[in-house]
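K.L.:
The residues making up each chain are set out below.
Protein chains: 2
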Amino acid sequence: MKDRIQVVEKILSANDRIAEDNQARLDAAGVLALNFMASPGAGKTSLIERTLEALAPERRIAVVDGDVASSIDADRAAAAGATAVQINTGGECHLDAVMLQSALDQLPLDKMDLLIVENVGNLICPASFALGTHASVLIASVPEGDDKPYKYPGMYRGVDALVINKIDLLPYIDFDMDRFRAGVEMLNPGLVTFALSCKTGEGLEAWLDWLNSRIEGCPSKG
Amino acid sequence: MKDRIQVVEKILSANDRIAEDNQARLDAAGVLALNFMASPGAGKTSLIERTLEALAPERRIAVVDGDVASSIDADRAAAAGATAVQINTGGECHLDAVMLQSALDQLPLDKMDLLIVENVGNLICPASFALGTHASVLIASVPEGDDKPYKYPGMYRGVDALVINKIDLLPYIDFDMDRFRAGVEMLNPGLVTFALSCKTGEGLEAWLDWLNSRIEGCPSKG
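Protein chains in written order, with our numbering: chain L, 1 to 222; chain V, 223 to 444.
By construction, these hints were calculated from the structure, which means they are not laboratory data. Just to be clear, a hint being listed does not mean it is correct.
To spell it out: a stretch of chain V is covered by chain L in this simulated footprint if at least three of its residues, at any positions, have a beta carbon under 8 Å from a beta carbon of chain L; those stretches are [to be verified]: (1) 290-302; (2) 330-344; (3) 354-367; (4) 370-379; (5) 387-394; (6) 408-416.
A partial selection of chain L residues facing chain V, derived with a Cβ cut-off under 10 Å [what the hints assert, rightly or not]: (7) Val-98; (8) Leu-191; (9) Val-192.
Cβ atoms here follow ideal geometry from the backbone N, Cα and C, with glycine treated the same way.
Use the sequences and the hints to build the structure in full.
P.N.:
In structure tokens, the structure reads:
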């Protein structure tokens with residue numbers, strides 16, 4: 001058992017070293033990088049489309065999409081105006097720093113302001129692997145249910161911002177917002193949270209304001 | 223690289239051996255066992271509740287719930303009348319045959335007709351680990367989107383039945399049932415499929431008929 005633990009630690013620290021390299025490259029280019037994590041179907045790609053509609057081309061945005069298979073998400077991001085790179089993990093349940101490193105090699109970092117990394121749809125594994133992004137954003141959604149913070153604490157504990165998507169469905173679903181928020185507050189006190197609907201556009205303004213302020217806070221290009 | 227592959231094969235075959243032992247124990251007791259897999263929030267627990275309401279106590283049903291944390295699902299299954307065992311995986315993204323083996327030790331197998339194993343909410347990892355159940359059931363849901371078969375082919379390819387839950391939300395969501403079904407058909411031709419709503423009860427009858435016929439097809443107790 002002790003041996004096994006040591007191996008896991010070694011893998012993690014190799015990943016962490018490459019994540020640090022990734023972040024240094026992003027910092028040198030003045031690019032803010034966000035790691036979008038969520039369940040399958042919570043709306044990561046829809047939020048990316050809405051963000052591109054509102055902020056591009058003034059903000060120069062690239063998207064790296066991680067999926068087990070297909071290029072559906074990168075196609076959607078490219079159609080919405082982003083420079084997009086698809087990573088097919090070939091079965092792996094999360095992105096890691098090496099995968100992002102390969103994607104960065106394909107991107108014009110010095111002509112970008114924002115990089116959105118769309119992780120594999122999964123509420124567990126992606127939380128354990130640093131990529132080198134500056135902040136992690138969890139996209140939850142109303143149809144998933146109000147019990148998710150209690151059932152996936154690792155994910156909720158480790159993120160820097162939370163989006164609650166699909167609030168347009170609140171009239172049709174038994175979702176207790178107070179129970180949901182109490183679970184979040186227990187795990188991640190004071191977490192910046194945006195309740196919105198990518199379908200109707202309700203609540204998007206606050207998300208975009210936060211994102212703009214994060215981009216402006218980035219070190220300027222050298 | 224070759225060494226690494228060999229290790230993975232060894233782990234899988236150890237899991238498979240224990241899965242076979244689990245199935246032999248279930249067969250000896252005449253218990254049909256199903257492995258419920260789904261995204262977080264697709265409605266595994268709701269389908270279990272509805273199934274218990276309709277079939278218990280005539281059918282003697284037990285539930286094993288796998289979650290990263292909490293006992294929310296086992297509490298719900300127990301409240302609905304099942305004998306329930308909660309497995310907290312402590313971070314693991316799937317159940318495996320050893321975990322189910324421990325749960326079987328706690329269950330009165332010779333006083334059961336049906337065992338439902340509710341796997342961890344995850345569309346990737348659970349597909350790779352046999353448990354010893356007789357059939358795998360994937361619970362998809364309308365709000366997840368019609369692109370999920372294309373993005374999570376491993377899961378859709380490996381299951382024996384498919385439930386499409388939350389059809390009551392079809393009027394409020396852009397979900398193309400033809401696109402969804404075409405993706406499923408490509409991966410798993412002729413897959414037995416039930417479109418239903420655990421909220422309204424629509425479509426449940428066909429699911430319950432299928433389940434009853436599977437239970438009746440089980441080898442009788444010795």
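K.L.:
Would you settle whether the hint for Leu-191 (chain L) is holds or violated, based on the nearest Cβ-Cβ distance to chain V being less than 10 Å?
P.N.:
Interface hint status for Leu-191 (chain L): violated (18 Å vs cutoff 10 Å).
K.L.:
With a C-beta cutoff of 8 Å, work out whether three or more residues of the region 370-379 of chain V approach chain L closely enough for the coverage to hold.
P.N.:
Per the Cβ count (6), the hint holds.
K.L.:
Taking 8 Å as the Cβ threshold, is the statement that the region 387-394 of chain V is covered by chain L upheld or broken by the three-residue rule?
P.N.:
holds (count 4)
K.L.:
Count the residues of the region 290-302 of chain V with a beta-carbon closer than 8 Å to any beta-carbon of chain L: does the count reach three?
P.N.:
holds (count 5)
K.L.:
Does the region 330-344 of chain V contain three or more residues whose Cβ lies closer than 8 Å to a Cβ of chain L?
P.N.:
holds (count 3)
K.L.:
Measuring from the C-beta of Val-98 (chain L) to each C-beta in chain V, is the shortest one below 10 Å?
P.N.:
With a closest approach of 15 Å, the Val-98 (chain L) hint is violated.
K.L.:
Cut-off 8 Å, C-beta pairs, minimum 3 residues; does the coverage of the region 354-367 of chain V by chain L stand?
P.N.:
Held - the region 354-367 of chain V has 4 residues with a Cβ nearer than 8 Å to chain L, which meets the minimum of three.
K.L.:
Do at least three Cβ atoms from the region 408-416 of chain V come closer than 8 Å to Cβ atoms of chain L?
P.N.:
Since three or more residues must qualify, the claim that chain L covers the region 408-416 of chain V is violated, with 0 doing so at under 8 Å.
K.L.:
Taking 10 Å as the limit, does the beta-carbon of Val-192 (chain L) come near enough to a beta-carbon in chain V?
P.N.:
For Val-192 (chain L), the interface hint is violated, since the closest Cβ of chain V sits about 22 Å away, which is over 10 Å.
Taken one by one, the earlier hints fail for this structure at numbers 6, 7, 8, 9, listed in ascending order.
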